[in-house]
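> So you can see what is in the structure, the chains are spelled out below.
Number of protein chains: 2
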Amino acid sequence: MSARPTFDHELEQLNTDLIKMGTLVEEAIENTITVFQTQDYDLAKTIVEHDRQINDMEKIIESRSLSLMLRQQPVAVDLRFVSTALKVVTDMERIGDQAADIAELLTHMDGSHIYTVIQHIPDMAKNTKQMVHDAIAAFVQLDLELAGRVKKQDDVVDDLFNRVKDEVIKILKTDGAPVDSGIDFLMIAKYLERIGDHAVNICEWLEFRLTGEINHTKLL
Amino acid sequence: MSARPTFDHELEQLNTDLIKMGTLVEEAIENTITVFQTQDYDLAKTIVEHDRQINDMEKIIESRSLSLMLRQQPVAVDLRFVSTALKVVTDMERIGDQAADIAELLTHMDGSHIYTVIQHIPDMAKNTKQMVHDAIAAFVQLDLELAGRVKKQDDVVDDLFNRVKDEVIKILKTDGAPVDSGIDFLMIAKYLERIGDHAVNICEWLEFRLTGEINHTKLL
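Chains as they are written, first to last, in this note's numbering: chain S, 76 to 295; chain Y, 76 to 295.
These are calculated hints, taken from the structure and not from any lab test. Where hints are given, some of them may not hold.
Since the list gives no way to pick one copy over another, a pair counts as held whenever it fits inside one copy or between any two copies.
[What the hints assert, rightly or not] Keeping only pairs whose Cα atoms sit at most 27 Å apart, straight-line, the calculated DSS-like set for lysine-lysine is:
1. LYS134 / LYS227
2. LYS293 / LYS95
3. LYS120 / LYS95
4. LYS95 / LYS248
5. LYS120 / LYS204
6. LYS95 / LYS204
7. LYS265 / LYS120
8. LYS245 / LYS134
9. LYS162 / LYS293
10. LYS204 / LYS226
11. LYS162 / LYS201
12. LYS240 / LYS134
13. LYS201 / LYS293
14. LYS120 / LYS248
15. LYS95 / LYS245
Bear in mind the structure is a predicted one, so any value in this text is a computation, not a measurement.
When you get a sec, could you build the whole thing from the sequences and use the hints?
Set out below in structure tokens:
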């Protein structure tokens, strides 16, 4: 009996795990945005708890990828897939972490009304959520064109971060400004901006998985 | 002729590359601290330029690791080394990025006197630099005990970040506070805190390389 069916099965299992982890990460960022809008602090606590699940998934996928490399010694496109899995989970785990960091900040805040004062935070959140959704969809569906769009959207998010920063600075320059909340919102914007970066990384790993190149540099 | 000498040579080359990249990253963070102290903005520009070199090293090491996996199909301890190389370069590259981000902020700042006003920034910089140095030394010398110390030092850096945050908030609450510089210093502190996290990651990857476990979880 050939070892191939088992190998194929293991590759499929790895893909299923990645999809599962991707779903958890997407949920985390969606829930974070809901907390923004509803100030539902029980949900915020759930995000922090679910982050442990995401961390566990990272370890499981790393373990599976390494074990697969060790036993099956994949080559070419399969090796690219397995080594990509090993890298992409780090970005997904980071997105989960940062969603949890945002949730944690939100539970300690009283000035959630600033959400509307700082106009570009909702925009940032919406764009970042879309980037994460598209990056994971692109990775799972092997959609290079969608991945390209995510990379372009990152410029929008970076630009929005600078607008939020300017807005926070303007608010902090007024007398009796809510300094603590202002700082927390700036941190939240920074986390959103980083989440966008990780979505881009996921797209670059898809590029590598499909072409062996990242940003036109041949890796394998 | 056995393929082993070539394989050993390639593993050695990979190790040399990692040491070279580690040296560049350490230099980046050392130079960043010098800019803090001397306001030497030419040096700040050099850090940003050198970051490109660090990014190139990341691509070279990734490429070498993947190519080595593909051609030599390493097993056991060798596979752990090669797959660790693939992960650890991401953390090193991020440290370089964040040093460059700090340097960039410093070149645009006028309020460098705050360096002394915000008392805990120099402490943070000193501790973070030590963590990066020790993490890379531990990884290169396979020193698990040193790696353990780095992980403990991270609590100190996290604590210092919270102190800096409190100091910045206190300053921003005074009339006519230098809001822009305050915000920039908070960002710098955040970058230093993240650098500490990446140093910890490097130590965890050493743990995996030597034991197949991270935080007592068996990965391989």
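> Return the numbers of the hints above that this structure violates; sort them in rising order.
4, 8, 12, 13, 14 and 15
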